[in-house]
Amino acid sequence: MPSPADYLYTQTHEWMKKEGDILTIGITRFAVDELSDVTFVDLPAIGRKVAAGGTFGEIESVKATSELYAPVEGEIVAVNDALKKDPSLVNQDPYSAGWLVKLKTTVEPHGFMTAAQYDKVHNIA
Amino acid sequence: MADPQTTLLKTCFYDFHIRQGAKMVDFGGWAMPLSYRGIIAEHEQTRKAASVFDVSHMGRLHFSGPDALRFLQHICTRDLSKAVVGQSLYSLICKPDGGVLDDVIVSRFDKYWLMVCNASNRLKLLEWFKANSTGFNYQLKDETMQSAMIAIQGPKVMALLDALLPEPVSSLKRYHFMTQSYLIAKFTVFRSGYTGEDGVEIICGSTIAQMALNMLFKQGRDVREAPMQPAGLGARDTLRMEAGMPLYGHELHENIDPISAGLEWAVATEKPFIGSVALAEIRQRGPEKRLVGLAVDGPRTARQGMTLWAGGHEVGAVTSGAGSPTLGHGIAMAYVQSVCASEGTALEIDLRGNRVAATVVKLPFYKLSKSSP
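Chains as they are written, first to last, in our numbering: chain X, 1 to 125; chain S, 1 to 373.
By construction, these hints were calculated from the structure, which means they are not laboratory data. In this text, a Cβ means the ideal position worked out from N, Cα and C, and glycines have one as well. Hints may be right or wrong, so weigh each one.
[Stated by the list, open to error] Computed Cβ-Cβ distance ranges for the label pairs, DEER-style:
{"no.": "1", "chain 1": "S", "residue 1": "V85", "chain 2": "X", "residue 2": "T12", "range": "49 to 59 Å"}
{"no.": "2", "chain 1": "S", "residue 1": "P299", "chain 2": "X", "residue 2": "A51", "range": "20 to 30 Å"}
{"no.": "3", "chain 1": "S", "residue 1": "G353", "chain 2": "X", "residue 2": "A78", "range": "19 to 29 Å"}
{"no.": "4", "chain 1": "S", "residue 1": "N255", "chain 2": "X", "residue 2": "P4", "range": "42 to 52 Å"}
{"no.": "5", "chain 1": "X", "residue 1": "T55", "chain 2": "S", "residue 2": "T307", "range": "15 to 25 Å"}
{"no.": "6", "chain 1": "X", "residue 1": "A116", "chain 2": "S", "residue 2": "L126", "range": "21 to 31 Å"}
{"no.": "7", "chain 1": "X", "residue 1": "K49", "chain 2": "S", "residue 2": "A49", "range": "42 to 52 Å"}
{"no.": "8", "chain 1": "X", "residue 1": "H110", "chain 2": "S", "residue 2": "G311", "range": "49 to 59 Å"}
One chain only, chain S, in its complex shape (with noise of 0.2 Å):
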């Protein structure tokens, strides 16, 4: 096995999770903490108080120029041409049979767009622009590397943050952003996340990424006893599957579309982008499986790629598996042909040779029951 600590890159926040005993991983190319002290107590303290996660190996692309915006609108599923500048969308990027190159958010800036995305998928994203750039007049720049991004999660966080930032935050409607200054930094504060919880993710250059999490922190204090605790990338992804959220390479792929996923919303069929053909005529004659959340029966754990029964014929596949800590049992998302996507429906999971029971039900799993923005 090679050396993580050699081969992979680091966020500028490496050291602060070695200092913090994290358990390391790679991800996506990235030396990224899995978890500091247990992924369930993290995924609980993410929804009962505030947690802070390292997102900065996800890709930080800038779009400037006179025809970023119709660029964008070429590549992206989502009518970027309805954002105002302070304002993030929800976007697919797909090939031209509709299959998912990414998932990502793009953000109006004044002079420029940002657009988030995976971080496998970045440089995979790179060429693909590269090739489908002819006759578009636009600048791209990859900032990646020179920037850091915080997702700070959880019921305790605007009230945390309207008491730590020179600029109060909670008045930020969802999936709008504000920059801020303190000192000579410039930060932005986008009102998203990946968890279900409310809460911000904060994007900075990376050379003041460590002032800011000193800042966060409460600088000089042990982080054990800061209102704010870090999480890993384990408590990441059983926070966003109950939140229902897809994650790239389980829900999504090169050879599924949009509709099937569920995130036809996402899709604005009326503006042609590369994929508009093919995914106009998927939802026009329905999708063959479509994505579902399924409650499973007893203790064990779904896992990706188990397959699905009913009648004693395969009738689809597990994405995504999980004990929901917040729930109390398992759950599962996982793609299903159509007649078997009704909630309700009774399926069973192949779980390694052992046949346990499953229902359809709706998504999200966990949904936040409050009047947040």
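Just chain X, same shape as in the assembly (with noise of 0.2 Å):
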């Protein structure tokens, strides 16, 4: 399935999608299925700042933990508290309800990847 085409993807499988100055950052469809069942996932505290490409947090599954990176600098202003009952809705719903952050942050997100290009690069059709 092709991945949506109003986001952005980082190489590092972050996908995101700015509204205004906040920034919603999750992790791609490829991602989850390379990790396989998500167990855990340890977001920020609200209000802490991170840097381009700083992490934000980890994400456990089965299989492996993985860091979580920002794509842009910024203030985190919401985390996915669903996610600490039910860490599966990043398996089950990764571009919607297994969101994981959001960022403020004045930076205009460039140089990452379309869906078009983040799906040819990981050959998803």
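Combine the two chains into a complex, taking the hints into account.
Pasting the structure below:
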């Protein structure tokens, strides 16, 4: 299934969508499938400042633990609390109910992959 | 990254895995299914019903000739002279210093012995056997590529197989086997496994492997409706962890001895074998570290290599860890200094910079509560 066309994508498999000065971040279906069942998501405190390319948390699956990277600098203004109770939301719905954090940022993301580019790199059809 | 489909070895069931949409991974040089529908779902299906695992990647070595037993006695820690025809014994193969080269299952057939070894250690073992063969008259045949192996595990397996196979297998005792025929095909059913559940492992020639699989999944029907479901290596790993079983490369390796690993029962130091002197010494003075089970607090997963702490001192390291689907909490296996190895000892795991509480508990984490054989 193609990745959502209205998002941008990082090489480390985060997706982002900017609305006003709020950037919503999650991880891609491709990344979720690589991880297998997600068992825990370690998300940052509200108000934490993150640098572009800096880590904002970790995601654990049955198979592995991976770091999560902020595509641009900003301040964490919301985290998906529903993942505390049910981390498998990331598996079920990575592009919507399984979102991770919202970042307040003045930076306009650029240099990231479009859905078509991301899908091409990872042979997603 | 190399193309895994061209560089990795494939089992007889490779096409089946692809057809079933399995996520494939490199395991010991083989393209193997990690999971089909999800690791946790496949784990639970094995604990509740019946799962079929392709374990054809494991090495299958045949020993025959006048000195076959004498040679196996020379390289194995277990006293194989006690095995009767139709019986299998778990054993270690050690270096002179007691370090573990592999853990294997040796089965006594009428005219030969079968050794099942880990996929990643097969070539290393073949070299080791060659280097230690002086003075032994035996033949070694590597049957790995000419055969297939399936593990069928779960509480419903024995009843399902009794209805399916020409001869009932529920009368087999644990760690015993029987050879059966179906039309012109011969296959051997071993009552053993690596999940902590009842079940069997079946070895057959590669030419009839597909037929055997069709038979298990009831040819022509949708696999998803079969009473047994395929399960991958991901579930196999969490299942064996709950069952407290060691995995080579984690709990066992060349710098650890079987006594420290809690496998003293599989070491017959009363007979001479490669490593027997070193192991007798370790047994006598007691190992410096021991393999323990840990119950881990909180939702996070301990991973291999994470360090363990007690009172500000580093006392060991994790070898395997998982969230236990059956128990609903984190579990881990770890080597800790022997003074910290007693049940109930409170430790801390350095989980990527965070200290997480863990308690030493008895292995296995999960045990079949039954009156099985």
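Hint check results:
1. V85/S <-> T12/X: 49 to 59 Å: Once the Cβ atoms are compared, 57 Å apart, the range 49 to 59 Å for T12/X and V85/S holds.
2. P299/S <-> A51/X: 20 to 30 Å: Roughly 27 Å apart at Cβ, these two residues keep to the hinted range, so it holds.
3. G353/S <-> A78/X: 19 to 29 Å: holds, 24 Å
4. N255/S <-> P4/X: 42 to 52 Å: Because 49 Å falls inside the window, the suggested range holds.
5. T55/X <-> T307/S: 15 to 25 Å: Check passed, 21 Å falls within 15 to 25 Å.
6. A116/X <-> L126/S: 21 to 31 Å: Hint violated: Cβ distance 49 Å, outside 21 to 31 Å.
7. K49/X <-> A49/S: 42 to 52 Å: holds, 50 Å
8. H110/X <-> G311/S: 49 to 59 Å: holds, 52 Å
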